[in-house]
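There are 2 protein chains.
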Amino acid sequence: LLKGNGVPFGMLAEFEKILSKDQIKTDSDSLNIYGKDWSQYYKPNPTAILFPRSTEDVQKIVHTARKTKTALVPSGGRTGLSGAATATNKEVVVCFEKMNKILEYNQIDRTITCQAGVVTQELQNYARNHNVLFPIDFAARGTSMIGGNVATNVGGLNVIRYGLMRNWVSGLQVVTGRGDILNLNNSLVKNAAGYDFRHLFVGSEGTLGFVTEVTVNVTNPTQQRTVLILGLNNSDHVLDVYSTFRDKLPLTAFEIFTHDCLKYVIENHPELTEPLSTQYPYYILIECENPNESSVNDILSLFEICLEKSFVQDGVISQSEVQVKNFWKYRDHISESLSKYHPYKNDVSVRISKVTEFMRETNNVLKKEYPDFVVAWFGHIGDGNLHINILKPRELSMEEFIKICQRVDHLLYSTIQKFQGSVSAEHGVGLTKKPFLSFSRSPQEIELMRGIKKLFDPDLILNPGKIF
Amino acid sequence: LLKGNGVPFGMLAEFEKILSKDQIKTDSDSLNIYGKDWSQYYKPNPTAILFPRSTEDVQKIVHTARKTKTALVPSGGRTGLSGAATATNKEVVVCFEKMNKILEYNQIDRTITCQAGVVTQELQNYARNHNVLFPIDFAARGTSMIGGNVATNVGGLNVIRYGLMRNWVSGLQVVTGRGDILNLNNSLVKNAAGYDFRHLFVGSEGTLGFVTEVTVNVTNPTQQRTVLILGLNNSDHVLDVYSTFRDKLPLTAFEIFTHDCLKYVIENHPELTEPLSTQYPYYILIECENPNESSVNDILSLFEICLEKSFVQDGVISQSEVQVKNFWKYRDHISESLSKYHPYKNDVSVRISKVTEFMRETNNVLKKEYPDFVVAWFGHIGDGNLHINILKPRELSMEEFIKICQRVDHLLYSTIQKFQGSVSAEHGVGLTKKPFLSFSRSPQEIELMRGIKKLFDPDLILNPGKIF
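Quick mapping for you: the protein sequence lines, in order, are chains R and L. Position one of the first sequence corresponds to residue 17 (the numbering used here), numbered consecutively onward. Position one of the second sequence corresponds to residue 17 (the numbering used here), numbered consecutively onward.
Accuracy of the hints is not assured; some may be wrong.
Estimated spans, in silico, between C-beta atoms of each pair [to be verified]:
1) L:Asn380 <-> R:Leu316: 41 to 49 Å
2) L:Val381 <-> R:Ser317: 55 to 63 Å
3) L:Lys325 <-> R:Glu373: 51 to 59 Å
4) L:Gln460 <-> R:Val312: 48 to 56 Å
5) L:Gln460 <-> R:Ala155: 35 to 43 Å
To give an idea of the interface, some chain R residues facing chain L are shown, with a C-beta separation under 7 Å as derived from the structure [what the hints assert, rightly or not]:
6) Val390
7) Val391
8) Asn401
9) Ala441
Keep in mind that the hints were calculated from the coordinates and are not lab data. A virtual CB, placed ideally from N, CA and C, is assigned to each residue, including glycine.
Chain R with its partners taken away, still in its complex shape (with noise of 0.2 Å):
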């Protein structure tokens, strides 16, 4: 494997032969700048960063990186919190952020071809003004960028009602670690000639290649929404609420947090205030599509069948559009006001079915091992996916905390395993999950990936030692 360990001699030269000279920067600034992302546990220290403007110069670039036996690291908007587009051991940094065009909107076949480099929110933004929804959304929409998205397999806000960045990629133009340009399944709906390569790289993590183009689909806008704040005196039932609102009517999203956050965000937020009268451990925190006037009725009556069964205790619902946002922002500043307590950040995933189980267990192994720590949880319970954050007590030092979660991983993560969960829900593997890809696929699998890694990228020249 190419570990980047000293820079190849002559290296630079080369690529300078194939870009022009504001296409390649050595700066220390644009060298830590574009060497890390946000999950910061990495020490930014590539070799130089390269701002192709086409396919072509991609292509040119990895030809270079072969011959020269350099290993690439594709950068996007480096919001990823895995450490997939970190640049630690000398690499080269190959940044789209100058290939940032929408190329074309097609209103019969409803897609948005664009270029890597696009960022989240304009491709938003330019299918609202075209009267249509791009509907993956998520905190980073201002800064991450498409390619990113298909490399990691975004999540986020919708995926309850809409699915996966994976669901809405009809089209794909990527350039291998052969240096061969794919294009792939050209926005066919119905494609049956061969493998699907097309699924094969969305979630890869630029380990096979790295995405130049992307056509998304765009569906009709969302209709007016509804929120409901739900509190809830314990865990139990969440299941029962989930199913009982799921059941009857198309919910776009249905989120769980604890007081525990609740209190921080109140904490930082000084405008907002408790939303229901009384304090409870668990809200949930559900969004349901609103077309009519009958389907107010409707929510209506599923809460008060929540409530007579006991399955919750108190809630409020939104009767303005106004109101649908407030009642978000409780979600939204989660992350945010946790912040200054260092989070030990854990991103996982369990079947639906298994998530109240799953919390109930890793709270009493938490609870048992490190009775000191607060446990900060949140989630979106209609996806399986739960946020765990544990805070630093005041007195430990940064080190010492870390090498403490370190050893909860493995507890944490031997849950997983036993819940046959996913080590990353939507966040990748990327440096942080590496060690602990084990505890959610099996050493075959571990093995083909090693193989089909090795088929689209056989000099190992594409963002080596991520993933595996």
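Given the structure of chain R, go ahead and fit chain L onto it with the hints provided.
Quick look at chain L alone, frame taken from chain R:
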């Protein structure tokens, strides 16, 4: 490549060691039945038929096949039209009909887990009995099996609304050509832990591994539906009609057929009359969900818009569930009504926006080269999927007709290539489309497919000679 020429010495005795007597058939009736699929072009010639009862049986079969260098062909309902499930070369057929158990319904996850040999319709009925919908549906529902649906990524009647089989597979158990049992995705909604092999197996036609168990998602039952049949003087405005309806209503089907098709349906079904007072060269069938009274008004006003703009010349709208069923008969009976004219079938796709242009160009090519052939078109406009049926002129012998059609194939697939379409929309590649794969996939892609094949099936024992 193991071609299966001649039976490896002592091979059957090895299989007799691992299976009971009733799990092996070698009588000529069985060899004839289990050695072919609905494509009917290929002469069945298997050595034996094996009937595994469990995943472990399948694993033992693969291990034994590796040891004895035996070629294996998977067999489900054998309703495929591309010859992927045919054994013409002394292969051993692995038939899944004894693996026909539905294993679990999970009400919270909304998943059904079953063995590969469950018949599609049984799964549909099982879902219905639990008040949920398994939405994959197609003409061969009564015979086709779930494992085959996965292996060919089946499409069918509801793709425009519900997508392909791929979208409904939440977990997959396979036995690879290495003899490993892989449990893929474990029914997780979000899972970013490495490459998603589930999607590699969907549509791989038994060349990488055999599907042994499938977990599918199910959803809320469909609402009431309305069907329109519209008559058009030409195909110029087909896509205008499509976008007029699609932009406003949740479509569940958008089908096209010519009067050439309709004529044969009415001939074959005397109980059916012309649907409109005048004959038109093209007909569109639209189905949309119709949850409330206001949506019926929407449908009517969209129909009026299409009339006013002269997109369509006439039309009828269903007033009852009985009419919905009757209107569908015009479309459903096409295939069967054409069958006595020995149609040479093609199942191709292009981007939706290119459908009418592609039809026009193909019509011109065919008319010029084969002025005496009747070409009966029908298809799913909403998926870009067209079924092109060339009817045999009475005076031509079958042999001569097929020979001419194979020349037609080259013209047709060259047009497909020009339109960046697929030589197989939903029937798979198998044997019939194998000579034409390169019209839809690049040499680099085909080389990578071969590499993946070799990785999952190093001895090339699984369905050899299919796809490539």
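How the hints compare with the structure:
no.	hint	result
1	L:Asn380 <-> R:Leu316: 41 to 49 Å	violated, 60 Å
2	L:Val381 <-> R:Ser317: 55 to 63 Å	holds, 60 Å
3	L:Lys325 <-> R:Glu373: 51 to 59 Å	holds, 57 Å
4	L:Gln460 <-> R:Val312: 48 to 56 Å	holds, 55 Å
5	L:Gln460 <-> R:Ala155: 35 to 43 Å	holds, 37 Å
6	Val390	violated, 25 Å
7	Val391	violated, 20 Å
8	Asn401	holds, 5 Å
9	Ala441	holds, 4 Å
Going down the numbered hints, you'll see the structure goes against 1, 6 and 7, while the others check out.
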